[in-house]
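Colleague: Residue numbers (my numbering), protein chains in the order written: chain L, 208 to 598; chain G, 208 to 598.
Since the hints were made in silico from the structure, they are not lab data. Fair warning: there could be bad hints in the mix.
Note that the list lumps identical chains together, so a pair holds whenever it fits in one copy or between two copies.
[To be verified] Each computed EDC-like pair below joins lysine to aspartate or glutamate, with the alpha-carbon atoms no more than 20 Å apart: (1) K273 / E221; (2) K461 / D396; (3) K253 / D239; (4) K592 / E526; (5) K338 / E357; (6) K461 / E556; (7) K453 / D286; (8) K537 / E526; (9) K461 / E579; (10) K560 / D396.
2 protein chains.
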Amino acid sequence: MPASAIRRLVPFSEAAEAQGTKVYHLNVGAPDIKSPSCAIDAIMDKCHNMHHLSYTNSAGLLQLRKDLIEKYYKKIGIDIDLSEILVTVAGSEAFATAMQIAADQGDEIIVIEPFYTNYNTFAFLNGITLKAVPTDIRDDFRIPGIEEFEKLYSPRTKAVLISNPCNPSGKLFSKEEMLQIGEFCRRHDLFLISDEVYREFCYTDEPHFSAMSIPGCEQNVILVDSVSKRYNLCGARIGCIISHNKDVMAAALKFAQSRLCPPVLGQYASIGALDTPQSYFDEVKAEYIRRRDCAVDALNKMEGVFCPRPLGAFYTVVELPVDDASSFAKWLLTEFRVDNQTVMITPAESFYKTEGVGKNHARIAYVLEVPELQKAMAILEQALKQYPGRV
Amino acid sequence: MPASAIRRLVPFSEAAEAQGTKVYHLNVGAPDIKSPSCAIDAIMDKCHNMHHLSYTNSAGLLQLRKDLIEKYYKKIGIDIDLSEILVTVAGSEAFATAMQIAADQGDEIIVIEPFYTNYNTFAFLNGITLKAVPTDIRDDFRIPGIEEFEKLYSPRTKAVLISNPCNPSGKLFSKEEMLQIGEFCRRHDLFLISDEVYREFCYTDEPHFSAMSIPGCEQNVILVDSVSKRYNLCGARIGCIISHNKDVMAAALKFAQSRLCPPVLGQYASIGALDTPQSYFDEVKAEYIRRRDCAVDALNKMEGVFCPRPLGAFYTVVELPVDDASSFAKWLLTEFRVDNQTVMITPAESFYKTEGVGKNHARIAYVLEVPELQKAMAILEQALKQYPGRV
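Bound conformation, chain L alone (with noise of 0.2 Å):
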């Protein structure tokens, strides 16, 4: 199993910290925005007077169930009654159920690079090749033409595996990338696994267009969706999987019987999350949007830098001046400070399959407050002109 890159810093990020240096922390999309008090109440009212924290139905609670379809996915356009929706542990869990259900050992799953590295994990561990579809970060990563579909397409081919908006690269697809994708999933009987946890993270003003919203593909896709990371619960671990395939659904409901059920108290904080006030949502989104905007004025102002200004997620793909981010990433932690103070980012390398491609690009998540950020970026620009590795 391969290491994590993004993990191999850690141990100097301990270190410095060890040694007294603050390090921004650009490198891990743990977002620091309030949760929703609604939701925390929810824990607290069911604390109280609890005679014990039983199991809950595999599939999850019926009432959240219920509720993140009348409260959360109708207003959204997404129509899925109680036999199309399974409570996870998180994201994490309805993506790995999702890539099982769609592919055996041996087949092949279309990905569109730079994509989340735990894609890489999780297809390694189910002996499931990825085949990445190129794009370029200097064209916004736009997704080419569906002949460069076609060029990776095999009989192995099981699926099609996209992340909407897009971790690393914030990248959100259009709607007509999304019908084009969906054309070539139905054309040859492709699951679309669509990994849509950071759909509230959005920073345009058209609605996100869901895979589930694509005419036709009703049968192939197949939603990886977090609750806990749309409300800033990211450690209630509490996400779901949603496919109008009963096939798809029987077999994630027998994947859901093998760890018996959800966290519950994650699922009580979940079902006081969905009385959230869309006043919440607006306030992250425009949190959000200065968060990005401070980063990547603060990056493309610097020598040799190109930044591209993504329309969702919290985080950025980035291209910088130097040899190697990875060796860069870890100088920053080693070697260089200033006042003490150093930045942590991710090396985008392990984001590609192409070899080669993206050596010199770094993940920025954009999650800490604006002074903070601002402080970051100031000492980033400082690394890049004393790097010994520039280029």
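Starting from the known structure of chain L, fit chain G onto it as the hints suggest.
Modeller: Just chain G now, with coordinates in the frame of chain L:
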């Protein structure tokens, strides 16, 4: 993926309940015992003034790992350090991880039947073959001589897997049995995956003998444990995987990183639970002994029924005078009523690998209070008299 024999009955019990029939659930190990108040209080304390619920370390909260080591494992004579424990999403994830670490696709694992049916599921998912050592219900499920293990050994054998105390039989392994299995694992350089999630549910005066205490097996043993089960917090979904083997723990960490972190609210509950006084366990133990004796005595008084008296967990496997325990279990739910009440039991055939064995066995979970359990036993006794497939 095979459908769960246990779950296959759920639609029938739901239908019965929808018609207003009271179903005594002897089928699932979902205890009704009160959770320790210190665990529930810990959740509420954490929720007061909580800003947001963030991820934890993939290995679990440092405080939880430290407290598990100091307040629990040290007390029961298991001496481990921080690098030898990793918090998981309940015992289920600990088990799935252990199996994936121990064996690759095509490998074999030796189990002792009857065994927990989800072992089959995880083996199937990972292309692992289970080979089963037979035991005899009439001989108290005694572990046979090591020659029975040797018969199953092949160069593809990677591990021995035990559940102690055992779900489904309630069997408690003697120290001698453990030493014998340990010796076999050492000789063939096999992992010994020891599922000890029911360790605190032992009904003898001698302490439980953990696989971690087998001399010379330090590099072989992978301990699968549950925190949430121990404290009647099943829904919290917290367990752990423990090993002195550094390679095992490094691999476990990679698996853990791919799913980011264990449920955080459950981790807080677990930290609180570690302050549970011994008197709580004494009361729980006394309660389960009452329930066990109530069930076992009643079962053995029924004509044609044979039931050993288990020394651990809260299950017993019973031999019934029926043609097929699956048909009987279905008939109970669909056709049999006493005052509009019936019982639900688990047919035990799927706990066995050996063809034909266990067809007339059922697992009874004694997880109801004694008065309810007495009523359930009276219904079962009548049912056995009237069942058309009685033999």
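Colleague: If a hint holds in the structure, say so; if it doesn't, say that too.
Modeller: Each hint tested on the structure:
1. Taking the shortest Cα distances, K273 and E221 sit within 20 Å of each other only across copies (18 Å), while inside one copy they are farther apart (43 Å).
2. Proximity of K461 to D396 under the C-alpha cut-off of 20 Å is found in neither arrangement, the shortest distances being 23 Å within a copy and 33 Å between copies.
3. Proximity of K253 and D239 under a CA criterion of 20 Å is satisfied inter-copy only: 17 Å between copies versus 25 Å inside one chain copy.
4. Only within a single protomer do K592 and E526 lie at most 20 Å apart by alpha-carbon distance; the minimum there is 15 Å, versus 77 Å between protomers.
5. Taking the closest pair of Cα atoms, K338 and E357 come within 20 Å of each other only inside a single copy of the chain (11 Å); across copies the shortest separation is 44 Å, beyond that limit.
6. Taking identical chains as interchangeable, the C-alpha atoms of K461 and E556 lie at most 20 Å apart only when they sit on different chains, with a minimum of 19 Å there against 35 Å within one chain.
7. For a Cα distance limit of 20 Å, the shortest separation of K453 from D286 inside one copy, 15 Å, qualifies, whereas the shortest one across copies, 49 Å, does not.
8. Taking the shortest alpha-carbon separations for K537 and E526, only the intra-copy value of 17 Å comes in at or below 20 Å, while the best inter-copy value is 63 Å.
9. For the homomeric pair K461 and E579, neither the shortest alpha-carbon distance inside one copy (46 Å) nor that between copies (31 Å) is at most 20 Å.
10. Taking identical chains as interchangeable, the C-alpha atoms of K560 and D396 are never at most 20 Å apart, the minima being 24 Å within one chain and 37 Å between chains.
Consistency note: the structure conflicts with the earlier hints numbered 2, 9 and 10.
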